[in-house]
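Visitor: Sequence:
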Amino acid sequence: MKNTWTAKEKGYDAGKKVSGIKRHIAVDTNGLIHAIEITTANITDRLDTIQMWQRHAKALEKVKHMLCDGGYTGKPLAWLENYRRLWGSQDS
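Take the sequence shown: its letter number 22 is residue 22 in UniProt numbering, and every next letter is one higher.
These are computed hints drawn from the structure, not numbers from a lab. It cannot be assumed that every hint is accurate.
[Said to hold, decoys possible] Calculated lysine-lysine pairs in the PhoX-like style (CA-CA distance at most 25 Å, straight line): (1) K58 / K22; (2) K75 / K64; (3) K75 / K58; (4) K75 / K22.
Just so we're clear, the structure is a prediction, and the values are computed from it rather than from any experiment.
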């Protein structure tokens, strides 16, 4: 999100050339919100996602599938499958 003058802390994402804050929101197929993570723009999308999943583990414990863009892929998120099992997969 572009710079928000009401935010007390702001960052700059050089890749996206945006200053301000970022919002990461986990919703279900009906659009109902299950988790929100708000950080300064200088925090990477991958780190934001890891923080959101760790902080909202209880709300996200039944998640079976995740749809996201290219900013949320790669080795930093490879742990997700293991954590999902530890959080309580419906398969077990």
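Visitor: Run the structure past the numbered hints and jot down the numbers of the failing ones, going up.
Guide: No numbers; nothing is violated.
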